[in-house]
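Chemist: Here the structure of chain A is known, so what remains is to put chain B in place on it, guided by the hints.
So you can see what is in the structure, the chains are spelled out below.
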Amino acid sequence: MAQANHAMKLRSVLIGWALALLLLLLPVFVFKSQYLLYISSLTCIYMIVACGLNIVLGYAGQISLAQAGFLGIGAYVCALLGPTLSFWVVLPLAGLVCFVIGLGLGFPSLRVKTHFLAMVTLGFTVIVYLILVNEENWTGGPFGVFNIPRPKIGSLSFSSPANYHIIVALVTFILLLLAFWGLNSQWGRAFKAIRENEARAEMLGVNLRNYKLMAFAIGSAFAGVGGALIAPLFGYIDPTMFALGFSFQFLLMVVVGGVGRFEGPLLGAMIVAILPEMLRVTEKYFPVIFALAAILIMVFMPKGSVSAVDWAYKKITGKEEPHLTK
Amino acid sequence: MLPELLIKGLSLGAIYAMIAMGFCLLWQTSRLVNFAEGEFVTIPAFLMVMFYSVLAVPYPLAILFAILVAALLLGVVMKKTLVDALITRGNTPFVVTTIALGFFVKDFLTVFATPEAMNFPSMVRQTPLHFAGAAFSSLDLWNIVIAAVVILGVGFFIRKSKPGKALQAVAQNREAAVIMGIDAQKMILLAFSINAVLAAFSASLAAPIYMVKYDMGNELGLKAFYAAIIGGFNQVRGALLGGLLVGLIEILTAAYISTKYKSGFVLLVLIAVILFKPEGLLGTKEQ
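Quick mapping for you: the protein sequence lines, in order, are chains A and B. Under this note's numbering, the first residue of the first sequence is numbered 323, with each subsequent residue one higher. Under this note's numbering, the first residue of the second sequence is numbered 2, with each subsequent residue one higher.
Since the hints were made in silico from the structure, they are not lab data. Predicted, not measured: the structure shown is a model, and the values here were computed from it. Cβ coordinates follow ideal geometry from the N, Cα and C atoms, glycine included. Hints are not guaranteed to be accurate.
Taking lysine-lysine pairs in the DSSO-like style, the calculated list, with each CA pair at most 30 angstroms apart, reads [what the hints assert, rightly or not]:
#1 B:LYS286 with B:LYS163
#2 B:LYS187 with B:LYS81
#3 B:LYS187 with B:LYS161
#4 A:LYS625 with B:LYS81
#5 B:LYS286 with A:LYS514
#6 B:LYS161 with B:LYS263
The following residues of chain A were derived to be distant from chain B, with all beta-carbon distances above 10 angstroms [unchecked claim]:
#7 TRP339
#8 SER507
#9 GLU520
#10 THR562
#11 LYS636
For reference, chain A alone in the conformation it holds in the complex (with noise of 0.2 angstroms):
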C-alpha cells in the first residue's frame, strides 16, 4: 500500500514537472511579440536568482545582499568571454566561478552569527560595482559592454526572441529542478532543521557552518548562471543594472512570494516582472505600490503572497495546499 502511494506522489511529481516545462517553454508558441518574449525570459532568469537566494535566506536563514553581485559577475563573464569562448562554456563557468567566490566570502563571514554574512555581501556588491565602473580597461566602465552575442550550435542559431528563450526556459527548468530534488533530499531536511533550531540541529550533529556554506555557494551560483543568461537577453549590460539596489530588490522578490518556500520566489519573479507590465497604467506608481505591498505583507501576511494562493487552494479543494518542499 505505502509503495502504490509513493509510486502515485512520484507521479503527480513527474507530471508537475513535465506541465513546469511545458509552462516555461509556453511563450515560445503563444507570444509573437518580441516583447512578451522578453519578459517571459526576463521573469524566468528573475526566477533563477530568486531561488538561489531563497536558498539562502529562507532554507539556510542568512540574508544575502550578493545577488546582483553575481548577477554582474555572470554577465560580465559572459560578455567579455562570450565571444572567445563559446556560450555553452560561458554559461557554466559563471555558475562555477561565482560558486567559488561564494565559498571565499562565505567561508570567513560564516563563523560568526547575526547578520554578518549579510554586511560582508553588502560590501562586496558595493566593491563589485566599484570594479565594474572604474576599471575600464577590461570591463568597458561606465560605458558598458555591447553587442553580446547570442549562442548558436553549429547553424542552429538562438537569436530570435522566441528561440532565445527556449535556452533560457530549459536553463531555469534544469535549475529549478536541482534545486527541488537537492531541497527534497537529506540536504533540505538538514536545512529545516537549521532552520527550526539552530542549537539542536547542532546537537544532532549537523556541521552549520557547512550547510550554510554550501547554501550560500550555490545561491551565489544561480545568480551567476543568471547573469550569464541575463546578458545576451539584454544585449548591452552595464555597471548600472547591477547595483546595490538591485539586491534589496531580489531580497524583497523572495520575501513578497514567500520565504522558504519553493514557490514563492518564483511567484515573487513573476510579480515583480509581470505586473508592472499588466499594470501599465500604473506604471509611474509601481515601484511605491510594490513598495508598500511588500511592508504590508510583512506586517500582515509574514509567509509571503503564497499563503494567499494557499488559502484560495484550501477554499476550493478544502485541503491543505501540499508543500513543495518538506
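Modeler: Just chain B, lined up with the frame of chain A:
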C-alpha cells in the same frame, strides 16, 4: 593640504557619526537593524526644504519644525506601527521591512515630490578661514562644532538623565532592566525618537553638501552602517569613532589614492574589521 583634508574628513565624519549614533542606539535597545536609516535623513531634509523654500518659514524655524515632525513621524509613529508589529518576529523580518520602507520612501518622494535635486542653504556661509598657513572651510568647522554639541548633548542626556540611564539599562541587559521595573517598550520609543532627532540634525548639516534628493539617503545610510560596524554597534563611542574614521578614510583616499575608489578603501577596512574583530573596533563581544 593635510590639515585641510583632516578637517574636511572630520566634518563629514561628524555627520556620519551622528547618524551612526542613532542607528546604534536603535540596535542596542531593540536589537533591530534599520536599513532605512538613510531615508530617516532624507525625510527631514525634504521637510526642511518644504518649510523653508516652499512655505517661506524662517530658516531656523524650518529646521526646528522639520526636526519635530521627524521625531514624531520617524520616532513615535514608526515605533507604534512597524516596530510594534514586527519586533516579536525576530530580526530578519524587520530588516527586510526596513529595506522595503527605504524603497517606499524613495519611490514615494520621486513620484509625489520631485526626482530633482534641490538646494538647501547651510547654516553658516562658506568662507575660507586662514590659520597656520592653511585655508579651512568655515562650514567644515561649523559642522564639526554643531555635530559635537549635538552628540555630546545626547550623550550627556543618556548618561546623566533618568530616562537616559533607563535606556542604558535596557541596552545592556533587557531582561534585568524589565525586572527592575523599566518599561522596555518606552525605552525603545525613546531610542527611536532620539534616532529621529539625530538623523534630522544630520540632515540639516548634510543637505547643503549633498543637495536634497530622493536618493541622498543611499550613501549616507550606507556610510552610517559602515561606521557602526567598524566602530562597534554596541557602544556609542563605537559609532562616533566609526563615523569619524569613515569620513577621514574617505577624504584621504580620495585625495591621496584615487577618487574613484574612495568608497572602496572604506569597504576594505569594513571587511577587515568583520573578519578580524567582528564586534567592531570599540565594540565588546556579545555573549
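Chemist: What hint numbers does the structure not satisfy?
Modeler: 6
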